[in-house]
Structures are given as C-alpha cells and as structure tokens.
Amino acid sequence: MNDYSQMWQTALIEIESAVSQANFSTWFKETRIVKELDGVVYLGVPNSFTQEWLYKKFHNSILRILRQTNDQVRALEYIIDKENNSKKEEGKRKMVSAPTISMPLHDFYINKEDNLNPRYTFESFVVGPFNELAHAASQTIVKAPGQTYNPLFIYGDPGRGKTHLIQAVGNKIKKDLPEKKVFYLTSERFCTEFFAALQENKANQFKEKYRRYDVVIMDDVQFFSGKEKFQEELFHFFNTFKDTGRQLVFSSDRHPNVIPGLEERLRSRFGTGMVVDLQELDQESRMAIVRAKCASQNITMSPEIVEIVSSSIEDNIREIEGVVNIIACQTQLKNRELNVNEIKNILKNNTRPKKMVSVKDVVRVVSDFYNIDEESIYNKTRRKEVVRPRQMIMYLLREDFGISFPSIGEKLGGRDHTTVIHSYEKVREEIKKNSLLAQEVSQLRSMI
Amino acid sequence: MKIEIQTQKLKEIMRKIEHIAGKHATLPVLSCILIEYNKNTAIFKATNLDVGIEVVVPIKSENSGLVAIPAHTLGAFITQLPDQSSIVSLEIEAGNVKITTPQSSGVIKTVSSEDFPTIPKISEGKEVEIDADIFVKGLKSVWYSSSVSSIKPELSSVYIYNEGEYIVFAATDSFRLAEKKVKSLKTTKISDILIPFRNIADVIRLLEIVNGTIKITISKNLVSFEKDGTYLVSRVIDGVFPDYHQIIPKSFITEAVILKQDFINALKISNIFSDKFNQVRLVIDPKKKIFNIQTKNSDIGENKTLVSAALTGESIEVNFNYKYIADCFQSIEADSISLQLSGLNKPMIIRPVSGDQTFLYIVMPMNR
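Just so you know, the protein sequences line up as chains A and B, in that order. The first sequence maps to residues 2 to 449 in the working numbering. The second sequence maps to residues 77 to 444 in the working numbering.
Don't read these hints as lab results, they were simulated from the structure. Among these hints, one or two may not hold up.
Here are the simulated DMTMM-like pairs of lysine to aspartate or glutamate, each with C-alpha atoms no more than 25 Å apart in a straight line [as the list claims (entries may be wrong)]: (1) Lys210(A) / Glu200(B); (2) Lys210(A) / Asp268(B); (3) Lys296(B) / Glu194(A); (4) Lys202(B) / Glu37(A); (5) Lys203(A) / Glu200(B); (6) Lys296(B) / Glu53(A); (7) Lys176(A) / Glu200(B); (8) Lys202(B) / Glu31(A); (9) Lys36(A) / Glu17(A); (10) Lys296(B) / Glu78(A); (11) Lys202(B) / Glu194(A); (12) Lys197(B) / Asp268(B); (13) Lys228(B) / Asp115(A); (14) Lys58(A) / Asp268(B); (15) Lys296(B) / Asp244(A); (16) Lys228(B) / Glu31(A); (17) Lys99(B) / Glu305(A); (18) Lys326(B) / Glu320(A); (19) Lys202(B) / Glu78(A).
With the rest of the complex left out, here is chain B:
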C-alpha cells in the first residue's frame, strides 16, 4: 500500500496538526497522527482529547486504509526535507511505514490505529463566518489574562460574545482583565461562547496558517473552525462568564498619560529590585508633576525610576504586581497609553489613548 503526496502539502499539514497530537502516556495512539486514505484523498487526524483536528488533502494511492504514525517522529522528519523535493511516498507495511523522498528514505514504526478516537462533529450548531485574522487578533489581545488554574473553568477560558457591530473577547483571572472589541464584518452574530484557555494556542496557531474567511460552528459542548478541508474542534466551557462590566470603574480620580515605551522601560528597571511578589509602587503627584515607580527588595536593594507623563487629578500611591501590568502591552499598538486610577484598593484602567481604542485592561492593586 502506497500513498503519494506533495512535500509542500505534507509540510503544511504537519504544521497544522503535529502539535495537537499530545504526549499521552497512557494511550500511545493519541501521540500519533492517523491517516485515513482512499484512492484520491487522505484525512490526517490528531487529537489530545481536548482538541481534535482533521485535514483533508488530495493524494494518490492504489487502495484505501488506515495508519497511525507517531506525530513527533514524522513531523521532525518531514520538516527537515528540502523544499524542492516534490513528492513524498509513504509505503505502509505491517507495523512500519516507509517514507521515501528523492533524497532520503526512512522507516518509522507505526502504532495500532484501532484505538484512535473519533473526532466529534457538530451536528446541531450555530454557524458564523469570520475573518481568521480578526479572530486571532481578538484572541491574542486577551488570552494571556485567563486564569491558569482550572478551579473556575469559566475564568480559565476566553469569553467571546457579540455586542452590536463588534465581537468582544474578554478574559480574566480575577486579578486583571483584558477586553478587546473587533469589528465583525459579517452580519451573522456569534453566540456567547467560552473557549478553554488551554485550547486557545491551538486555535491561534491554526488560524494563523489558514487565514481568510473561516466558518465557526458553535454548539453547547463544542466549537469548530473550518476552512478548505481543515477542521478543528475544541471543547467549550459550559458556564457563565462573570458580569465583568460592573467592575469596570466608570470614573477615576487620577490620570497619567505616558509613552508606552517609556513606561515599559521604567517598569523593567524597577522590576529588577522588586520583591518576590513583583511588587511595584506607582507614585503619582499631579501638583508636583511627579510620577515615579518605586521598588524595594530587602535582599537586593531598592530603586526609584521617574517616568515623564501628563498628570491630572489627585496624588496617589498604589502597589501593583509588575507582571500583571507588563502583560497588557503586547495588545496595545498605540504609542501612548493612559493609566486611570480611582484610589487605594481600586482597580487601575490601562487603555491606549490614540489610534485603535478597542482595547481595555484592568489591573487590581496589591493590598500592602
């Protein structure tokens, strides 16, 4: 039994699916890629039981069959192939697959394909079409704010919902919150959905490869992303994302408008001297035109770094975790940002002041 496939195609497939095949200790077949083939097409499948992916490609084969090949070995081999080699042929024998290219050939041990799970399909769901780039932008702008602990599943996920002409992405671990609005070009509205944080990376990676308009199907338990024969399905969280709008401060008492890069640099310097909780102290006094960042570590030393800023409002001193502040800059394209503080023990808002204003970030202070 022999399959012939273009090298370029195979590389692309491996890029899409290799990382999804998990390192599953108990069930070896889960760390494999399953190839289901007939005379003209093959379906490449991989899953870690949280996410599943299928890619359909045209191939040449003499008959049909099934084979499970360890993803890591196959992937490593394929990536190293030179681009100019046009065709790869896979010869499937009992317990082995022989891979031949014009330059090199190899034999990889296969695994019994019998136990490879079915990748679920969504039978009843709401479909929506959206531009992959837009969707990726939304996810990337917020997903780092999700909770890494899965004690509260709705917090360890990204919440996506529709608001007027926008699709809104939100994530929070209850210490900080990121919200990004992107314009939806299509009239169909996305229904509320919570995608587990752990699966977001897989979704982003795939959507960055496929680009163009993708079809998203949402059901109660699953969400799928489809584009030209590629199908990715993920579990969704059946829960309610907290009503975060009520914690967004409506007003503030102190505002600092600063250059993003200045602030990042100052924070980085300060953080060298921060304690084990990464505590940085923002000291703002608009009357004296002072904005500095102070850190202190009993083992290392201490630091005070000035930031040039346009300040308004009352003077204030608040402590934050450096990491929580630093995270948000990846989502802000604007050069200047605004910090809005409402007092001790009250959240701080960070938002861009020029250009694209659809991003909002909230950080809670530290209580000492």
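Pulled out of the complex, with its shape left as it was, chain A reads as follows:
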C-alpha cells in the first residue's frame, strides 16, 4: 500500500508541473493507485467523469510518467474508487438532531451474505427424545462438514423445528469454522434464481455463485416435486458439490422416498448420506419447549400451567411459541401472572380445535357417501348395499379411532364382536387388492 502511494506521489509531482493548476486540482486531487497487477496499474478515481477525462486527455502522459519511476509498468486502467466518494464533505455538517434515536438499520435480521437468521442456534434448540437423533447427526456435521453424513437430510411435519435445526448447523459452522462459506436458501429461492438466470442467459453465473460456498443448506426440498427442469439443475449441483467434498443439508416435510414427482436419481442421492426424521413431540419435550420459550420471554409459569399449555398443543412448536408469546404479552399487560382459567381461554382461542368425532358422525358421513338411509346401518338387514358401508364403518372406527371390537358391535345395533372382527379384516384385505376401494377409504377419511 505504502509503495503505491509513494509511487503515485512521485508521479503526481511530475504531473503537477505538466498540467495547469486548475486541471491538476480538479482531476488529480482524489486519485490514488489502488493496486498493481502484472504491470497493470489500477488508478482509483472518484467518478466516471474523471475516469473518462483522464483517459482522454492524460492517459499517455500518466503512463509515461509512471514508466519513468517504474519500468515494469505496461498499462494503466481506471477504476471508480468507492472509498474516495464517501470521504468528501465529512464532518462538514453535523446533525443537529442528535437526541433522536437512530434506527437500528444495520442490525440485519437476516445476514445478507449467508441468508442465515442468527436467532436460530443450537443454544436455543431444545433437545428431546423426538429430535435426539437429528440433533446428534447435525452435531457430527458441524465438527467436520462434508466428511461424515453428506448430504444430511432432515424431515418431519411442519412445526417440529427443521428450519431451526438446519440453520443452527449453518450458524455453528460459521462460528466455529469461519473460513467455511455457508449459504442458506429455500428450494423456492433456488428455483426462482435459476429461472431468472435462465431468462437472462446467465445460467453459468448462477452455477458459479453456488460453487463459491462450502456448505449449502436448502430448506423445504419437497417443493421440487414435479419441477423436472429444476430437479435436473439440482441434480448437477448436487453432484459437483458432493464430489468436491462440500456439505449439503436438506430439509423436507417427508422422507425423500415418498416425495411425489421426484426423479429417482435425486431420490437415491438424497438418501446417500443420512436421512433422519423429527418425530412426534412427546409430552416431556413439549414441556421443555414451553419452559425454554418462557425463559426467553422472561416470564415465569407455574408447573401446572406449563402442563396445561404443553398438553393442549400437540405437534407444533410454532403454535407453542405463539401461545407463549400471547401469554407473555397478556402477563405484561395485566402486570400479574395469569390464572388457569385465563390460560385455558387463551388456549381455546389460539389453538386449532381438536377433532371430536362420534360414532354417529362416522355413520352419517359413510351412509351419506353411499347414499343409504342412516337407520339401515343399525338394523339387522343384510342387503348388499348396506353391508358394505357397515363394514366400512367398522373398519374406520377400528383403524382410525381405535375403538374396541365389542364396543363397535354394541354401538352399531348390538352386533357380536366376531362380526366386527370379520368385517374389519375383510375390508383391510380388500383394500390391498382393490385400489378403487382404497381410494374410497381415503376420500371418506378426508370427509370425517
């Protein structure tokens, strides 16, 4: 750096004597040598006007003078110098409005460089039986990215912490191994970026961009389903990435084998590393999560309330988070701890109602579906058009609602439990053979 400025100072003395004072102060005041590479000197100038003018008027003289001091110089290039621009006028005006609080504009919520949300860390991740395995696999990756499980594929229903876990992987790698470049994106973004690149004929730039990273984390890959062109791109991306020993992390809402419309070659590639699921949340984990959220919100909850909250929300951390936030907000508002009734009220208003289905409802839906009289299900009739729906009801009651055989029989007009067992098994067997029947069953299930 010092060499450059020395070199330029010497040159400037020469130039100053060669041009008029006015010209010198207008065009040369804010210039500097930014770098020198293979005999090419890069001259930093404040704006395009200076760039054009120096090139047009003084190019040869500058080059000649530079050669006098250093015969290695072959060529001269001009670049617009960002730093120079900001220095002007500094301190000239002071903000009179000092007491106004300034906006936290630079606290990027999401880091633009790597797209990671700094809030998602392992420290704030609650480990329980349902995510132990996924957590352990992630920890292994963090220690040596690209060397153990590659790719890591995490799947699970919405609200079980997939995004938190994979972003935590990114944040941890960023922290522990700063030389590794991490990038997080959703599969949707991958598609839109690729599509835009295709439209502008810049597919190569797109590929280049992702080759810069050592770890790429892609969320929600189930959205690739049915998008063949993008799958192909992902496939190539996958291969180049994995071959060069760089880490890939994927998440999806289901196992790669059951994502519909996914090409076989991608499916098998997703499975080559480690596929691990986030299971259903158990009661203890839910309680742990509620406590963790309370701690981060700085509120305290009695064990009784923790119990109520965690048992009323079944399988979605996001919902737990939402409810805890509401409780925190109301606690602050009322300036006291909420009582059990108030909590129950909040829960009632803010959780999805649990489905309450009675035997009667099932009977009604099924008999509507087959267009028969509801009463006939309970009667002793063995007409063909009634027998099949009745068997279907028994099957559904047993399979989906786990009601015991004797009580199913009793509720459907006092039938023997062996009749129910027979019907249940018959339907079960037939579903396997008859796809039409299987379709009927799934249709009925969605209606109940």
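Since the structure of chain A is already known, use the hints to place chain B on it.
The following block gives chain B in isolation, referenced to the frame of chain A:
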C-alpha cells in the same frame, strides 16, 4: 461563425441545463455551457462532475465548431428575452460570443473550451422505460428523507427497486424513513439503484420539463435519463441500502386517526415553543379521549395544543423532532392520516388512511 436558433428552443435548453453548470472555482470551464455545433444541429452540454447533461437541437449554422459560454451570464440574458422574438443568433469570434436578437444584442466573454470534460455515456446497461411523472412522484415523495451527510453514501441517496408491479422508492437518514410505491406501467423491471441525494434535484427538474415516457439506463457506476435528444447522466452509489423492512413495525399498541391539516396546524403552533432540538411531545390517552401536543422551552415558554382524533389502544407519551414529522406531509395527498405507535423508544408509523395508500413514513422518537 454564426449559429441561429429559435428563442423558445434556447430558453427551454437553458432551463434544462443552466443549473447543472456548477460554480466551480478551480476549473472555470465547468461553470460554462459548451455548445458543440455543426451545420444542422448543436449539442449543449453542462456538467458539475457529478451530473452531466446534453441537449441536441436543430440549428442553422455555416460551419462547425465549439464554444464554452459562462452559464450564468448566458442564462440570465436569455431568460429576459421577450417570447415573441423568434430567432437568436450567436456569432462566435475569438474570445467572445455576440448574441443578437431583434431587440437587443450583447457580447459575452467565452472560456477556452479545451478543458471541458467528456460527458460519460453508458455502454453496457439495463434499459427501462417509464413515465417521467410517475418517476418524479416517486422521487419527490421520499428524497427529503435522505441523509445530508455523505459519511454513509448509501443513506445520502434514494434507493429505487422493483417489487412486483411496483417501483419502490425509499430514503432514510436513519432518523426517519420514507417509502413510496408507484405502479410501473411497463413490464420491464428497474434494477436496484442508489441515486445520490445531491443529484436528485437535477433529475427532478429535468423530468418535470420533459414529461412523457423516458428511457432510463442503469449501469454499475452511472444512470442516465433520455428523452428526445436530452440526455442526463448521474453517478450512482455503489453500495447496499440497508434492509429497512425489518425496522417497519408489524403491529402497534396505540393508533390516532386525525385530519392531516389539523395535525399540521397543531404542530406548527406547538413548534413555536419547542426547544432547540424541535422537541414536541405527543400525549395520547384513548380512554380519556385525549390527544395533545406539548412543547416547552425554558427561554420562551410552553404550550399545549389539543388535536381532535379517533384514538384506540393504550395511553402513551412520546417525544419527536418536529421537523422529522412535518417533512412527510408533502407526500401525503389524503385528508386524514394515521399515527401508529408501538411504545417508548419505538418508531412511529405515519400513513394516509384514505385514497392512495402507497406511502409509508417512519419516525424515530427522541430519547429524553
């Protein structure tokens, strides 16, 4: 050497370019207008090294040449010419230009045109066409919020980007922020660009004169605006505008809906008694249906002005800088506005409640 040009044309050119020629102390030629002419056309040029402008006009001349005339003198002379005089002739002699109209004539000293800089052209850039009025509306709605200090270049500029069918203009000096969305009629999308605040006035002035559809070309270092032989080029800031969306409050605890004019009047009265920081205190109590503005200055006195408003939410008292609030009303056409507060030390949102809702303004409170 003699150039003949219509008076009307010359006046229009001067309106477009005179103010761009700067008062450059070190290089006198920069305070001049350069006329580059041949037999049928002339190009009028002016630059202050931040912005450059060129206007091509048809003229009559016997030959071609170059002349640099001090912009201020030429401009002042031309503006005073009566409109009915049809033709102005410029006779260029060594060191002088003789201007003759049917009514008057004058001799202006010229400057050596040799040092007049080249006005850069954009060779590789993205082009987009847009209605000048729309673009001016966007710029005018936000540019006063830019930072006047150039310590952070990206804040002393107006940020323009594309969002769906809208072109979004945003500016902030970190104490307040203005955002305006305008519908882009064309399908081509404008790429992200930061135009320096200092050049915005020049852009607005030109676009207000030209109106109609203009062509904007954007490259890494420059942006140009073109329309019928008029070409304006400005430096752009090579930087990243802060991700301001994250500071826009998603919810609020107190809202006041008021008539814009009532609020402006009340603020003006209050401001007479404000301290040297222009501090005004907004006191809102929805339960008691009270909204007043309080100011206090130990040297002058104090004031409390009531504002009639529809209030909801919690009671709150927050201090603001009068100037920051007052600035935004120029961008709001609606009669009523909504003030949304989220608590102490949290930003306040001001937005129109009826009609055109594409404007958003955020002010930070004062911390005492």
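The hints, checked one at a time:
no., hint, verdict
1, Lys210(A) / Glu200(B), "holds (22 Å)"
2, Lys210(A) / Asp268(B), "holds (19 Å)"
3, Lys296(B) / Glu194(A), "holds (20 Å)"
4, Lys202(B) / Glu37(A), "violated (31 Å)"
5, Lys203(A) / Glu200(B), "holds (16 Å)"
6, Lys296(B) / Glu53(A), "holds (15 Å)"
7, Lys176(A) / Glu200(B), "violated (40 Å)"
8, Lys202(B) / Glu31(A), "violated (29 Å)"
9, Lys36(A) / Glu17(A), "holds (22 Å)"
10, Lys296(B) / Glu78(A), "holds (17 Å)"
11, Lys202(B) / Glu194(A), "holds (18 Å)"
12, Lys197(B) / Asp268(B), "holds (20 Å)"
13, Lys228(B) / Asp115(A), "holds (23 Å)"
14, Lys58(A) / Asp268(B), "violated (33 Å)"
15, Lys296(B) / Asp244(A), "violated (35 Å)"
16, Lys228(B) / Glu31(A), "holds (18 Å)"
17, Lys99(B) / Glu305(A), "violated (77 Å)"
18, Lys326(B) / Glu320(A), "holds (19 Å)"
19, Lys202(B) / Glu78(A), "holds (24 Å)"
Hint violations for this structure: numbers 4, 7, 8, 14, 15 and 17, all remaining hints satisfied.
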